[in-house]
Every structure is written in C-alpha cells, then in structure tokens.
Amino acid sequence: MSKFHVSRRGVLRTGALAGAGLALPTYLRADTGYLNAPTGSSVTLGFNVPQTGPYADEGADELRAFELAVEHLNGEGDGGMLNTFSSKALQGNGILGKKVEFVTGDTQTKSDAARASAKSMIEKDGAIMISGGSSSGVAVAVQGLCQDAGVIFMAGLTHSNDTTGKDKKANGFRHFFNAYMSAAALAPVLQKLYGSDRKAYHLTADYTWGWTQEESIAAATEAMGWETVNKVRTPLAATDFSSYIAPVLNSGADVLVLNHYGGNMVNSLTNAVQFGLREKQVNGKNFEIVVPLYSRLMAKGAGENVKGILGSTNWHWSLQDEASQAFVKSFGTKYGFPPSQAAHTCYAQTLLYADACERAGTFNPCGVVEALEGFEFDGLGNGPTLYRAADHQCFKDVLVVKGKDNPTSEFDLLEVVEVTPRAQVEYAPDHPMFAGGELGSCNPGA
Amino acid sequence: MFGLQKKDTTLLLVVAALALFAPFLLNPFPEGSAMAQFNAGYPDLMQRFVIFGIFAVGFNILFGLTGYLSFGHAAFLGVGSYSAVWMFKLLGYNVIPGIILSVIVAGLFSVVIGYVSLRRSGIYFSILTLAFAQMSYNMAYSVLGNPTSNFNLTNGETGLQVYTSDPQILASAGAPDLPHLFGLTMRSSYQLELGSWLFTFNAGYYLCAVLLLVSFYVAIRIFRSPFGLMLRAVKSNQQRMNYTGLNTRPYTLAAFVISGMYAGLAGGLLSTMDPLAGAERMQWTASGEVVLMTILGGAGTLIGPVLGAGFIKYFENIFSKINEGVLHAWFGFLPDGLENGVIWVVEHFVGPGWHLTLGLLFMLVVTFLPGGLVEGGQKIAALLSRRKSKDTDNRATQSTPAE
Amino acid sequence: MDAIILQILNGLDKGSAYALIALGLTLIFGTLGVVNFAHGALFMIGAFCAVSMQRLLNLSYITLDETQKDFLGNPLKVKTPYVESWFGPDMGAAIIDWSVPLAILLAIPVMIVVGIVMERGLIKHFYKRPHADQILVTFGLAIVLQEIIKHYYGANPIPTPAPDAFKGSFDFGVMLGFDPNAIIYPYWRMVYFAFAVVIIGAVFAFLQFTTFGMVVRAGMADRETVGLLGININRRFTLMFALAAAVAGMAGVMYTPINSPNYHMGMDFLVLSFVVVVVGGMGSLPGAVLAGFMLGILEAFASMNQIKSILPGIDQIIIYLVAIVILLTRPRGLMGRKGVMEE
Numbered sequence: 001m002s003k004f005h006v007s008r009r010g011v012l013r014t015g016a017l018a019g020a021g022l023a024l025p026t027y028l029r030a031d032t033g034y035l036n037a038p039t040g041s042s043v044t045l046g047f048n049v050p051q052t053g054p055y056a057d058e059g060a061d062e063l064r065a066f067e068l069a070v071e072h073l074n075g076e077g078d079g080g081m082l083n084t085f086s087s088k089a090l091q092g093n094g095i096l097g098k099k100v101e102f103v104t105g106d107t108q109t110k111s112d113a114a115r116a117s118a119k120s121m122i123e124k125d126g127a128i129m130i131s132g133g134s135s136s137g138v139a140v141a142v143q144g145l146c147q148d149a150g151v152i153f154m155a156g157l158t159h160s161n162d163t164t165g166k167d168k169k170a171n172g173f174r175h176f177f178n179a180y181m182s183a184a185a186l187a188p189v190l191q192k193l194y195g196s197d198r199k200a201y202h203l204t205a206d207y208t209w210g211w212t213q214e215e216s217i218a219a220a221t222e223a224m225g226w227e228t229v230n231k232v233r234t235p236l237a238a239t240d241f242s243s244y245i246a247p248v249l250n251s252g253a254d255v256l257v258l259n260h261y262g263g264n265m266v267n268s269l270t271n272a273v274q275f276g277l278r279e280k281q282v283n284g285k286n287f288e289i290v291v292p293l294y295s296r297l298m299a300k301g302a303g304e305n306v307k308g309i310l311g312s313t314n315w316h317w318s319l320q321d322e323a324s325q326a327f328v329k330s331f332g333t334k335y336g337f338p339p340s341q342a343a344h345t346c347y348a349q350t351l352l353y354a355d356a357c358e359r360a361g362t363f364n365p366c367g368v369v370e371a372l373e374g375f376e377f378d379g380l381g382n383g384p385t386l387y388r389a390a391d392h393q394c395f396k397d398v399l400v401v402k403g404k405d406n407p408t409s410e411f412d413l414l415e416v417v418e419v420t421p422r423a424q425v426e427y428a429p430d431h432p433m434f435a436g437g438e439l440g441s442c443n444p445g446a
Numbered sequence: 001m002f003g004l005q006k007k008d009t010t011l012l013l014v015v016a017a018l019a020l021f022a023p024f025l026l027n028p029f030p031e032g033s034a035m036a037q038f039n040a041g042y043p044d045l046m047q048r049f050v051i052f053g054i055f056a057v058g059f060n061i062l063f064g065l066t067g068y069l070s071f072g073h074a075a076f077l078g079v080g081s082y083s084a085v086w087m088f089k090l091l092g093y094n095v096i097p098g099i100i101l102s103v104i105v106a107g108l109f110s111v112v113i114g115y116v117s118l119r120r121s122g123i124y125f126s127i128l129t130l131a132f133a134q135m136s137y138n139m140a141y142s143v144l145g146n147p148t149s150n151f152n153l154t155n156g157e158t159g160l161q162v163y164t165s166d167p168q169i170l171a172s173a174g175a176p177d178l179p180h181l182f183g184l185t186m187r188s189s190y191q192l193e194l195g196s197w198l199f200t201f202n203a204g205y206y207l208c209a210v211l212l213l214v215s216f217y218v219a220i221r222i223f224r225s226p227f228g229l230m231l232r233a234v235k236s237n238q239q240r241m242n243y244t245g246l247n248t249r250p251y252t253l254a255a256f257v258i259s260g261m262y263a264g265l266a267g268g269l270l271s272t273m274d275p276l277a278g279a280e281r282m283q284w285t286a287s288g289e290v291v292l293m294t295i296l297g298g299a300g301t302l303i304g305p306v307l308g309a310g311f312i313k314y315f316e317n318i319f320s321k322i323n324e325g326v327l328h329a330w331f332g333f334l335p336d337g338l339e340n341g342v343i344w345v346v347e348h349f350v351g352p353g354w355h356l357t358l359g360l361l362f363m364l365v366v367t368f369l370p371g372g373l374v375e376g377g378q379k380i381a382a383l384l385s386r387r388k389s390k391d392t393d394n395r396a397t398q399s400t401p402a403e
Numbered sequence: 001m002d003a004i005i006l007q008i009l010n011g012l013d014k015g016s017a018y019a020l021i022a023l024g025l026t027l028i029f030g031t032l033g034v035v036n037f038a039h040g041a042l043f044m045i046g047a048f049c050a051v052s053m054q055r056l057l058n059l060s061y062i063t064l065d066e067t068q069k070d071f072l073g074n075p076l077k078v079k080t081p082y083v084e085s086w087f088g089p090d091m092g093a094a095i096i097d098w099s100v101p102l103a104i105l106l107a108i109p110v111m112i113v114v115g116i117v118m119e120r121g122l123i124k125h126f127y128k129r130p131h132a133d134q135i136l137v138t139f140g141l142a143i144v145l146q147e148i149i150k151h152y153y154g155a156n157p158i159p160t161p162a163p164d165a166f167k168g169s170f171d172f173g174v175m176l177g178f179d180p181n182a183i184i185y186p187y188w189r190m191v192y193f194a195f196a197v198v199i200i201g202a203v204f205a206f207l208q209f210t211t212f213g214m215v216v217r218a219g220m221a222d223r224e225t226v227g228l229l230g231i232n233i234n235r236r237f238t239l240m241f242a243l244a245a246a247v248a249g250m251a252g253v254m255y256t257p258i259n260s261p262n263y264h265m266g267m268d269f270l271v272l273s274f275v276v277v278v279v280g281g282m283g284s285l286p287g288a289v290l291a292g293f294m295l296g297i298l299e300a301f302a303s304m305n306q307i308k309s310i311l312p313g314i315d316q317i318i319i320y321l322v323a324i325v326i327l328l329t330r331p332r333g334l335m336g337r338k339g340v341m342e343e
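Chains as they are written, first to last, in full-length UniProt numbering: chain A, 1 to 446; chain B, 1 to 403; chain C, 1 to 343.
Any given hint could turn out to be false.
[Stated by the list, open to error] Rough simulated footprint, nothing fancy, chain B against chain A, three-plus residues with beta-carbon under 8 Å:
(1) 104-115
(2) 138-148
(3) 159-172
(4) 206-212
(5) 393-400
[Unchecked claim] Derived lysine to aspartate or glutamate pairs resembling EDC-like cross-links, with alpha carbons at most 16 Å apart:
(6) A:166 x B:166
(7) A:192 x A:418
(8) C:77 x A:412
(9) A:88 x A:279
(10) A:307 x A:405
(11) C:167 x A:412
(12) B:235 x C:342
(13) C:79 x A:412
(14) C:69 x A:71
(15) A:334 x A:76
(16) A:402 x A:415
(17) A:280 x C:70
(18) C:77 x A:410
To be clear, the hints were calculated from the coordinates, so they are not data collected in a lab.
Every residue, glycine too, gets a C-beta built ideally from N, C-alpha and C.
With the hints as extra help, turn the sequences into a complete structure.
Structure representation (structure tokens):
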C-alpha cells in the first residue's frame with residue numbers, strides 16, 4: 001500500500017487540489033520531468049497578492065483580475081481580452097484542456113511572508129505558476145524562490161530595474177514596465193512642457209526601488225539638459241515629509257521629483273502641495289512637481305493634490321484601443337468600477353502564461369520559458385509587445401499621464417498626455433542600470 | 001534520563017514524538033478532501049513551526065524566567081539570518097558554518113545590547129531593546145544595504161541572497177547549489193502515500209527538529225538548574241537579591257545572551273531552509289510577534305512558547321489562504337441563500353481577514369486563559385481526568401505539571 | 001539660519017503630534033497602570049471620524065446625466081450632496097469644505113463612548129494582570145479595530161483636505177527679514193500646533209485646578225490610599241480613560257489634512273509614542289509633552305541635508321539613538337517618577 005518516492009531536487013507533488021474537492025485523489029506519478037505536473041482534469045495557479053498591510057487594496061484589485069482571467073480561460077464570462085489577443089492558441093477550455101483552478105495567499109508586502117506563502121502554494125497546493133505582488137522587494141524574493149523550486153513566476157506590479165536587471169531569473173517574467181522606461185518616456189514630455197533649463201530636486205524612498213528610479217530619472221533628465229540640485233533619501237517609515245520638503249524651495253530647484261510609491265507618495269505629494277510649492281515661482285518659472293510612477297489607486301489617496309502633476313503608468317482604463325476597452329468592459333461589468341494598472345498587468349500575465357503553455361503544448365517550465373522568450377504579441381492593451389529573451393522583460397509603449405483637472409467621477413483621475421512609442425524606451429540588455437545579474441537556465445524542478 | 005527528572009523526561013519525550021511524527025499529525029485530512037485546507041504538514045510550514053518554536057523557547061528563557069520583557073529580539077533573529085547567508089556566499093552551501101556563525105554573531109550582538117540595556121529594568125529596558133532593534137532594522141533596510149555602495153552588508157529591501165558570482169571558496173565541485181548538509185539538500189523530501197493520505201518527510205524539517213530538541217533539552221536544564229532558580233529569584237524580587245549583596249546583572253546578562261543565541265540559531269535556520277534574508281525580520285513587529293507567541297502559549301512554561309509559535313504561524317499560513325472559492329466548496333451543500341449568508345459571515349475571518357481572527361483570538365485567550373494555551377491544555381486535561389476518575393479526590397487536577 | 005528656523009517649525013509640528021498621543025498614553029499608564037497598545041488605534045479611529053464626517057456631509061442623491069458617459073458607456077451618474085440641495089450649492093459646498101474641523105464635534109462623543117466601552121468592557125479586567133497580558137489583549141484589540149476600519153474604508157489612504165481658508169502657506173521669512181520663500185509654513189500646520197497647545201493646556205488645567213483632577217493626581221501617586229479614603233477612584237479612572245481616548249481622537253481628526261488617514265496609521269505611531277512616553281519618564285505628563293516636542297525637533301534637524309551628508313541615514317535612527325542616550329544618562333527618562341513600571 002505504501003510506497004516511497006524520492007526526489008532529489010524539490011518536492012515532487014502532483015495532482016490534488018487542496019480544498020476544492022474536485023480533483024480525484026489519484027496519484028499517478030508519471031515521470032513528467034517537472035515539478036507539480038498536473039495529472040487530473042485541472043491545473044492549479046498560485047496568486048500571491050498583498051491582502052493585509054498598506055497595499056491590500058491594490059492586492060484586492062489584482063485578485064479580481066486573476067479571478068476574471070481564470071473565468072475567461074475556462075470559457076466563462078465574455079472572454080475579455082482573449083478575444084483581442086493576437087495569439088489564438090487559447091480555446092476557452094482551460095489550459096491544454098485542463099480546467100484552471102487557483103489558490104490565493106497573502107504576501108503582506110514582506111519578502112519573508114511572500115516566500116512562505118508562495119512555498120505553501122508550491123509544496124501544499126501543487127501550484128505550477130505563481131503570480132502577483134505589489135512591490136519589487138517581494139517580486140525579486142518570490143522570483144528567486146520560483147527559480148530554485150522550479151515553477152514559473154509571472155511578476156505582478158514591480159517597477160524596479162532590478163527585477164529584470166541584476167536579479168533577473170530564467171523562470172521569472174515581467175510584463176510591467178520599469179523605472180528606466182518611465183524615465184525614458186517622461187523625459188521628452190518634461191522637456192516639452194517645462195523646458196530644458198530646469199533644476200531638479202529628488203526626494204527618494206530609501207530602498208531598492210527608490211534608488212533605481214532616482215538613478216533612471218536623474219540620468220534621463222540630465223541628458224536633456226536639466227541639472228540635479230540634490231538627491232535626498234527619505235526613510236521608508238516616514239509619514240510626515242515636511243522636514244524634507246520645507247528646504248526644497250530655498251535650494252534653487254524649480255522641479256521636485258518624488259520617487260515615492262504608495263503611502264509614501266500620497267503623503268509626500270500632499271505635504272508638498274500643502275507647503276504651497278505649486279503656487280511658487282522659482283528662477284522665473286512655475287515650480288513643478290513630478291511623480292514618475294503613478295498609480296490610480298494611490299492617486300485617489302492624494303485627492304485633489306494630483307491635479308496637473310505628470311507621471312507615467314503602465315496602462316490606464318481610459319485607453320481607447322479595442323483590447324483595453326474589452327478588458328474595462330469585462331472587469332467593470334463584473335465589479336462595478338474600472339480596473340487599475342496592477343489588475344491589468346496581472347490579467348495580462350495570466351493570459352500570457354496560459355497561452356505559452358498552449359503553444360508549448362506542456363506545463364513544463366522549460367517549455368513555457370521557450371514559448372515566452374522572444375514572443376511578439378498584440379491585443380493586450382499596450383499595443384505590439386515583445387517579451388525579450390535576454391532578460392524576460394516586456395517592451396511596449398509607455399503612458400505619460402497627468403492628474404486630471406476636472407474629473408467626472410472618482411475613477412477619472414488621470415488623463416493620458418502621451419503614448420511614448422516602444423522604440424523610445426528600449427535599451428540594451430547589458431545597459432549599466434541592468435547589469436550584474438545572470439538569467440541562468442530554466443529550472444523544471446525535478 | 002539525560003539527567004532530567006521523570007516529569008521533564010516525559011515532556012521531552014512527548015516533544016520528541018510530536019516532532020518526529022509531525023508530518024503525520026499535521027496532515028490529518030486526506031488529500032483532495034474539503035478539510036485538506038487545514039493540513040499543515042508541508043515542509044515550509046513545519047520548518048516554520050519548529051524554527052519559531054526555537055525562537056520562542058529562547059525568548060522565554062529571558063522573559064519567562066527573569067521577567068525582563070525584551071522588545072528587540074528580532075534583531076538577533078535578523079543578525080543570525082544575515083550571518084548564515086554570508087557564510088553561504090563566502091564559503092559555500094554547507095549549512096554547518098552558517099548555523100554556527102549565526103549563533104556566535106547573535107551571541108556577540110546580544111552581549112553588547114544586553115550589557116547596555118540591562119542597566120535599566122521594566123519598561124525602560126523594553127524601550128532600550130526596542131530602540132536597538134529598530135535602529136538595526138532601519139540601517140539594514142537602507143544605509144547598510146545599498147547595492148551601489150561599497151559597503152553592502154544586507155542588500156536592503158531585496159534581501160541578502162547568494163549570487164553565482166559569489167566566491168563560495170569551500171564549495172566542492174558537484175555539491176548542490178542549495179543549502180545542504182554534506183550533500184543532503186535541505187529541500188529533499190521523501191513522500192509516503194497511505195490510501196488517500198500523503199505525508200512528506202523533509203530533510204530540512206528534521207534538521208530543524210533535531211535542533212529544536214537540543215534547544216528544548218538545554219532549556220529544561222536551564223529551568224531546573226540553580227542558575228534558573230537564580231533567574232526566577234530576580235523575577236520575584238530583584239531588590240531583595242541586591243540587598244543580600246548579590247550582583248544579579250551577570251545572571252540576567254547570561255540569560256539575555258543565551259536567549260539571543262537561540263534567536264540567532266532560529267535566524268540561521270530560517271536562512272538555511274530558504275537562503276534569503278530580509279530586513280523585515282528585524283522590525284518591531286517581528287519582535288512583537290515572539291512576545292505574543294510566548295505570552296499566548298504561556299510565559300514561564302516550557303512547552304507554552306512552542307505552542308504559541310505554532311498557533312500564530314498556523315493562522316498566518318493557513319487562514320490567509322482560504323478564499324471565497326474554498327468557502328463555496330465547503331458550504332456548497334447548503335441551499336443557495338443560506339450558503340451565501342454563511343460565506344458572507346465566514347469571509348470576514350479568513351483570507352484578507354485573517355488578522356481579525358488572530359486579534360480576536362489574542363483577546364479571547366488572554367481574557368479567559370490567563371496562563372495562555374498551556375492553561376487551556378491543563379483545563380482540558382483536568383476535565384478529562386475528572387471525568388475518568390470522578391470518585392477519586394481531585395488532587396489529580398492540581399498535580400498537572402505547571403511547566 | 002533660515003534652515004534652522006524652518007526645521008524648528010517642522011519639529012514643533014511633528015512634536016505636537018507626538019506630544020498629543022503620548023499625553024493620552026501616559027495618562028492611561030499613570031492613572032490605570034495599563035500598557036495600552038490600542039492607543040494608536042484610538043488615534044486612528046479619531047482620524048476616521050473625520051473621514052466619516054466627510055462621507056456624511058457628502059451623502060448624495062444620484063441623477064443620471066444622459067449627455068455624459070461613464071467608463072462603461074452608460075449614462076453618467078451625477079452625485080449631488082444633500083447638504084448642497086438643502087443649503088444651496090454655495091453654503092453646502094462651504095459646509096463640506098469644513099468637514100475636518102466639524103468632525104471634532106463627532107469625534108468627541110464617539111471617542112468618549114469608545115473609551116468608556118473599552119475600559120468597562122475590557123481594560124478593567126486587566127488592572128491586576130501582568131503587563132504582558134495587557135500588551136497581548138490591547139494589541140489584539142488594536143488589530144480588531146484596525147480590521148473593522150479596513151473592512152469599511154479599505155486599505156488605501158483617503159484624502160481629507162483642510163478647509164480652503166487654510167490652504168497654502170505663510171511666508172515667515174519675509175516677516176523675519178529673510179528672502180521670500182526662505183521660510184514658508186503651511187497654515188494648517190500652524191493650526192495644528194495651536195490646537196495641540198490648547199489641548200495640552202486644557203488637560204493640565206483640568207488636572208491641576210479641578211477637584212476631579214486633584215483626586216486623579218492623588219490616585220496616580222497612591223491609588224490604594226485614595227481608595228481607602230472612600231473615594232470611588234474607579235469611576236474617575238473610567239472617565240480618565242475616556243478623556244485620554246478623546247485627546248487621541250481629536251489629535252487624529254486634526255492630523256488628517258496633514259497626512260491622508262489609512263487603517264494602519266495607528267501602528268505607525270504606536271512605537272514612536274511609546275518611545276516618547278518612556279523618554280519623558282513613566283508617570284509624568286510634563287515629561288511626555290517635553291519629550292514629544294524634543295524628539296520632534298531633533299528628528300526635524302536630523303533630516304537636514306547638511307547633517308545627512310555627514311551622517312547618512314541619521315534621520316532613520318535619531319529618535320532611537322536619542323532615546324538610548326537619555327535612558328542611559330537619566331535612569332527614569334526626563335521626568336519619570338520612581339517605581340512606575342520599573343519591574
């Protein structure tokens with residue numbers, strides 16, 4: 001009755017969907033050659049999002065998108081972006097004929113908790129792919145784990161250059177854009193609107209993502225003639241930024257760049273507006289504030305303060321292309337409000353993964369990696385897109401957005417100023433800001 | 001046996017049996033059944049139970065015996081984690097040097113912090129330890145972790161990890177590129193199938209379990225030693241001790257350092273099981289967590305902290321993963337209207353609401369079981385034995401071991 | 001020089017927030033001997049009183065505007081607050097604009113009720129229990145309160161702007177003879193500072209000049225003796241708890257325009273306010289206030305570029321560093337009383 005099974009690398013774990021009670025407990029352990037190979041009539045994906053802590057709302061929105069994607073993959077609902085996706089491999093009958101099931105977990109936006117949660121999905125629930133997340137620290141941590149364990153990681157919202165730079169991994173893929181792209185897209189718009197003779201003052205959240213964004217923005221703006229007056233690091237735990245903002249006006253700078261995200265961004269922007277920076281004239285020019293990475297969910301927290309402030313975003317629901325419209329309609333009908341960029345990237349990642357499995361004809365991570373590397377596609381809301389083989393980063397158009405002056409609803413906070421074409425934000429895989437890491441080779445885990 | 005009293009030997013044997021058979025005990029539900037969601041017998045969580053058990057047992061040596069409430073023990077956990085990963089980076093993936101160094105470095109750290117903090121008592125001591133830990137956390141997260149600087153000790157937010165470019169001077173060719181004990185990787189597992197049950201025996205878990213037993217044994221010896229008695233005396237009345245002309249500081253400092261080393265061991269093991277060390281391990285919430293574990297389980301008891309650690313980690317890892325789909329599978333047998341009603345209620349306490357459940361349980365346990373979970377266990381035991389021997393006098397209920 | 005004046009202003013402002021929270025915390029410590037880890041949550045509930053007030057005033061009826069479309073292409077739902085339809089658009093908008101100050105009227109009764117319920121329902125059972133148990137139960141309570149707020153208001157920060165009259169900033173520099181823009185300071189932050197001074201003054205006056213206050217102070221010094229004198233100290237302590245909750249709540253309301261409130265803001269302040277109370281010295285109200293302002297000002301100075309360039313990261317640890325130095329040089333903090341929570 002009992003039988004021992006030895007596996008050298010990783011826990012070999014098959015079938016059985018915990019909790020769902022749907023899969024039959026058949027343990028036909030065919031030597032599939034990869035970890036968590038689905039044996040029953042279903043396949044399990046792991047969605048690891050922040051459910052507690054400051055990013056819980058963003059995580060909830062990601063989860064909504066995942067649920068929607070799973071619905072569409074299984075042929076339920078209106079199909080959303082499946083109908084506009086350029087690859088037609090997906091049939092709406094799950095992935096490779098297997099019904100898509102999912103498990104969820106809480107990253108708490110902490111590397112440790114996120115890894116624990118991802119591990120439990122892999123070890124306990126037999127998840128074959130992990131996706132989601134709302135910060136770069138977590139993305140890098142979980143990506144590393146998935147590489148070691150031998151499953152695919154489809155990153156959620158992560159903007160740091162490192163995720164596909166020095167911490168890139170063969171089993172990890174990022175659809176979201178990065179700090180370098182934000183800078184490359186923003187700089188020309190900034191030059192056009194504010195001129196090329198400006199003095200910038202950076203306030204930067206003192207951790208990895210903040211540093212890479214500061215570096216990227218400073219480099220791009222200096223290249224077009226701006227001068228960087230000062231770069232000041234602010235503690236991550238800071239809630240009141242008054243003592244960092246107060247000296248800005250007297251420093252001779254006429255632009256304030258806020259390299260902050262989430263709660264930090266809401267507070268620093270609110271504080272900056274409170275200090276009346278935007279009504280001031282410095283060097284004979286209007287004082288301006290820039291928030292390089294915008295998120296609508298967070299913009300909502302800053303309220304009126306975002307009006308007229310420039311930034312960049314991966315995607316916005318007001319885009320008029322067919323794919324975005326289909327997604328907004330699908331999401332909006334189900335949940336009653338438009339999706340965030342985090343939701344969009346998670347939805348797209350799920351579809352991309354499923355499609356890669358279909359095209360590869362297997363769930364084997366190595367097959368999926370091969371199918372995704374160098375994959376050109378369209379119809380997922382960002383125009384023609386490339387999954388570059390060298391670093392597993394998506395290359396696509398970047399949106400430059402501005403806080404809207406006269407919002408018509410509580411969701412209508414940002415307007416798209418410019419769609420920066422993909423060619424303008426591309427860079428070489430060995431660009432110094434991305435150098436240092438090694439992709440390695442795919443790990444199927446068994 | 002082992003120089004222990006009979007009662008303690010029994011306790012040690014019980015813990016040993018629990019640890020040995022944990023893969024069975026934690027997986028009581030067959031695979032694929034609706035209740036399998038509550039199974040905790042997978043390697044990562046079992047490792048966490050044991051590692052945080054070690055952390056809490058060590059914390060209890062300080063808090064349970066001397067009454068000194070440290071709010072900064074996470075610093076030692078973090079330092080231990082970083083030391084172990086540095087050993088992996090510099091020497092190679094064999095876990096022995098990492099674990100040893102993590103204990104040593106945490107010990108040194110606790111000598112310094114303990115020496116300074118123990119100059120004060122009560123809440124002043126708590127805040128001193130908190131301040132040291134928060135300083136360590138903030139520095140590790142930012143200044144000491146900037147990859148572009150020459151002094152990148154912690155790798156900041158991303159967490160310290162092993163890169164292929166690291167020297168690993170002792171790594172022999174053909175050794176696994178994962179933490180291993182002389183070739184046996186921490187991740188390797190045996191799986192046993194019995195009917196529709198599936199049990200996983202993980203090498204890393206058993207390494208942790210062995211170290212837990214050693215730690216537990218040492219803790220028992222400390223509790224029963226004259227040194228332990230001295231520490232208890234400090235708790236009950238430090239002033240009187242001082243009046244007798246006895247300097248209690250060396251004793252409390254020793255307790256502090258020992259518990260710091262336990263924390264370092266736990267940190268080292270965390271890195272050993274999963275070679276990435278993040279700064280959040282040093283945050284005050286992590287220090288608070290071990291305080292909660294100890295009080296929840298029963299401060300001053302031997303087994304309590306282990307129970308508390310298991311309790312909190314169980315909720316964090318199991319309850320947070322219950323989502324609406326799972327609930328629908330559970331309550332699918334109910335009529336539709338009722339099903340939705342039940343799910344609407346339960347939903348608040350699972351998934352994103354797991355914090356709420358944990359908070360409520362903290363309040364309930366501490367209100368109704370002042371002695372923590374251990375007291376709950378004693379009450380149940382007393383109830384059972386009363387039922388068994390209704391006629392005998394209830395001396396039996398009072399003789400339940402207090403520790 | 002101007003930079004120093006600027007940071008003193010910032011420090012006073014940060015300090016008033018710390019001092020207000022620490023004041024309530026130390027009242028509970030001193031009078032009831034309870035370590036209240038839920039005090040940050042009280043501050044947070046106060047802040048959400050402001051959010052609720054704003055929501056309340058913004059209660060709207062919905063009309064469909066056929067000329068505009070929403071994101072799904074359906075007719076746009078236009079919301080008109082009832083307040084605006086009752087008082088006319090101008091008056092109504094003005095009332096909504098003042099929702100944060102008006103929220104004080106909501107916060108005081110709410111916080112007093114919350115305080116009384118908390119003390120009678122939970123805290124009073126823990127007076128005789130070890131401090132560790134108090135920590136566990138109040139921490140559990142804080143989590144529960146947070147989760148309730150998160151459930152109703154979400155995890156994102158919610159913007160709660162100050163009235164238009166207080167927007168923008170005042171140029172102190174010109175007044176003191178510096179260049180324009182050298183020292184500017186937002187009006188609302190000045191309001192906050194003034195508010196903090198008034199509240200702190202009121203609490204001290206209350207304790208100093210009323211019989212009630214006298215009894216409470218006596219109780220702080222020696223609870224047993226006061227009880228022996230036949231004074232019902234327990235009822236007064238309940239009211240004291242309610243007062244502390246109200247102070248925390250009002251501090252929370254007024255803080256909302258400075259930082260958009262979110263459900264975990266209480267935890268962000270919790271650790272800091274404990275440090276402030278302990279540095280001030282256990283059982284000392286003036287100590288808590290003094291420590292609050294002192295740490296606020298030092299934190300502001302530490303964030304100056306001139307200092308950060310010499311000691312990178314100093315602003316991240318300054319409060320803890322100062323706490324260590326003070327506790328090592330003054331065994332009971334700045335003004336602590338002997339024997340309070342030293343065991």
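- Message: Please verify whether residue 88 of chain A and residue 279 of chain A have alpha carbons no more than 16 Å apart.
- Response: 52 Å, violated
- Given the hint that residue 192 of chain A pairs with residue 418 of chain A, does the C-alpha gap stay at or below 16 Å? 11 Å, holds
- Task: Take a quick look at whether residue 402 of chain A and residue 415 of chain A sit within 16 Å of each other, Cα to Cα.
- Result: Distance ~5 Å between residue 402 of chain A and residue 415 of chain A Cα, so the pair holds.
- Message: Is the coverage entry for the stretch 393-400 of chain A by chain B consistent with the three-residue Cβ rule at 8 Å?
- Response: violated (count 0)
- Does the alpha-carbon distance linking residue 77 of chain C and residue 412 of chain A stay inside the 16 Å limit? The given pair, whose Cα atoms are some 13 Å apart, holds under the 16 Å limit.
- Query: Holds or violated: residue 79 of chain C with residue 412 of chain A, Cα cutoff 16 Å?
  - Reply: 14 Å, holds
- Message: Can you confirm whether chain B covers the stretch 138-148 of chain A, using C-beta to C-beta distances below 8 Å and requiring at least three such residues?
- Response: The restraint on the stretch 138-148 of chain A holds, since 5 of its residues have a Cβ under 8 Å from chain B and three suffice.
- Please work out if residue 69 of chain C and residue 71 of chain A have their alpha carbons no farther apart than 16 Å. Answer violated: residue 69 of chain C to residue 71 of chain A is near 27 Å, above 16 Å.
- Cβ contact check, 8 Å cutoff: the stretch 159-172 of chain A against chain B, three residues minimum: Held - the stretch 159-172 of chain A has 3 residues with a Cβ nearer than 8 Å to chain B, which meets the minimum of three.
- Message: residue 280 of chain A and residue 70 of chain C were given as a pair; does the straight-line alpha-carbon distance stay at or below 16 Å?
- Response: It is violated: about 36 Å lies between the C-alpha atoms, which goes past 16 Å.
- Message: Check the hint pairing residue 334 of chain A with residue 76 of chain A against an upper bound of 16 Å on the C-alpha distance.
- Response: 12 Å, holds
- Query: Does the stretch 206-212 of chain A contain three or more residues whose Cβ lies closer than 8 Å to a Cβ of chain B?
  - Reply: Since 5 is at least three, the answer is holds.
Comparing the model with each earlier hint shows violations of hints 5, 9, 11, 14, 17; every other hint is respected.
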